[in-house]
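Here the numbering used here is used: position 322 in the sequence shown is 322, and no number is missing along the way.
Keep in mind that a hint or two might mislead.
Unchecked claim - FRET-style restraints, in silico, Cβ to Cβ:
1. Leu92 x Glu170: 44 to 54 Å
2. Glu170 x Phe72: 18 to 28 Å
3. Leu352 x Thr71: 22 to 32 Å
4. Asp372 x Thr75: 31 to 41 Å
5. Glu351 x Leu92: 17 to 27 Å
6. Tyr333 x Gly152: 23 to 33 Å
7. Asp154 x Lys329: 27 to 37 Å
Hints were generated in silico from the structure; no laboratory data involved.
Using N, Cα and C, we set each Cβ at its ideal position, and we do this for glycine too.
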Amino acid sequence: MNCKMVWLFPALLILPALACGGASAPLPEDASDAGITAVAPQTCAEIGQRPDGKQTFYEPNPTYTDPAPDTFWQTAAPEDVGLDGRRLNKGLEAMEKERSLFSVLVIKDGLLVAERYYNGSAADQSNNIHSASKSFLPMLVSIAIEQGYIRGLDQPIYQLLPARYELAGEKRQITVRHLLTMSSGVDWEENWTEFWIEEEPDWVGAILAREQAAPPGAEFNYSTGMTHVLSAVLTEATGMSTCEFARQNLFDPLGITIEHWGRDPQGVYSGGYNLYMTPRELAKMGLLQLQNGRWQGRQIFPQWMAQQAPLEVWSEDDGGYGMLWWRQKIEGYNAVVAWGYGGQFIYLIPELDLMLATTENTADDHWNAEIDPADFMRRYVLPALADAD
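Could you put the whole structure together from the sequences, leaning on the hints where they help?
Structural data, given as structure tokens:
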């Protein structure tokens with residue numbers, strides 16, 4: 001299929017109001033980017049929801065303290081895995097000038113070989129990873145398929161959504177695959193349409209009611225609206241919230257606790273945004289993908305999805321897009337990228353068993369200065385491999 005990719009970037013605007021949903025315990029009113037301590041939630045219902053009465057598509061981004069220490073990662077000296085520690089440390093020191101940077105983690109051969117925190121951040125600080133969380137949705141979809149909740153990637157979504165959403169015409173041709181590849185054809189202008197949707201009482205219904213701008217599968221159009229619809233699909237298909245399904249099947253096995261996950265007015269958890277993790281937890285998700293869905297001897301999500309999701313469906317000279325994963329070329333290597341607004345990144349180079357994870361402060365949109373992890377890889381990480389040879 002010869003289609004030109006339209007490059008639209010993930011969830012760039014952060015709004016000043018907070019979303020609320022459900023009757024679970026509210027967060028303290030003085031929550032701010034300075035950090036608060038949240039009790040580790042044992043269930044999704046215990047995840048604190050915003051006390052603000054307004055519903056906004058994107059939320060402000062306070063930093064939380066995760067009270068559950070992460071003891072999973074084994075560390076190693078860079079030299080133990082073939083990296084020049086001096087070159088790598090030079091890069092970490094160079095990042096000190098980045099005003100909004102929170103963290104940089106480098107993982108080689110499954111070992112944490114570099115971990116640096118900046119601007120008052122720490123390993124236990126949990127912040128909004130924004131659209132980097134989109135890359136976890138293929139994992140959940142494949143688990144739902146394996147468990148029999150969804151027939152396959154090509155099942156039409158009208159069969160999986162609540163009956164009140166009466167899809168007609170070309171919308172009845174939209175499949176799960178189309179949502180995963182940003183090709184539903186439903187009209188959406190990222191960082192603009194959201195402001196209209198948040199005024200509606202039913203966000204999923206409002207998204208699906210938009211004009212069919214192109215036939216399903218015909219072209220790429222980056223749409224956080226469609227990943228939110230995918231969350232609604234998972235909720236209806238599995239009979240549990242996306243949060244609960246993810247907790248049972250993905251996060252609990254990896255020892256990940258979620259301090260916050262936003263919801264819309266109907267209670268649908270945000271599909272690919274408003275999800276909070278610590279840097280080490282974000283890196284766990286990258287390692288899971290790098291290990292083809294396998295974790296400590298257990299297959300968490302199917303290998304076929306781990307292998308298919310990063311494959312280019314839409315391509316350009318300098319990169320491409322698969323199933324909610326970006327693609328880039330870095331010094332001839334194929335990099336697989338989870339990309340969240342403001343500097344929340346997972347960079348994977350499977351050929352080298354290498355990963356870079358970064359987080360940044362997005363509490364102040366005007367202060368944020370998103371780094372370029374690909375440049376860090378080119379200037380420091382990959383040369384550190386070469387220098388060690």
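We went through each hint and held it up to the structure:
{"no.": "1", "hint": "Leu92 x Glu170: 44 to 54 Å", "verdict": "holds (50 Å)"}
{"no.": "2", "hint": "Glu170 x Phe72: 18 to 28 Å", "verdict": "violated (46 Å)"}
{"no.": "3", "hint": "Leu352 x Thr71: 22 to 32 Å", "verdict": "holds (26 Å)"}
{"no.": "4", "hint": "Asp372 x Thr75: 31 to 41 Å", "verdict": "violated (26 Å)"}
{"no.": "5", "hint": "Glu351 x Leu92: 17 to 27 Å", "verdict": "holds (23 Å)"}
{"no.": "6", "hint": "Tyr333 x Gly152: 23 to 33 Å", "verdict": "holds (32 Å)"}
{"no.": "7", "hint": "Asp154 x Lys329: 27 to 37 Å", "verdict": "holds (30 Å)"}
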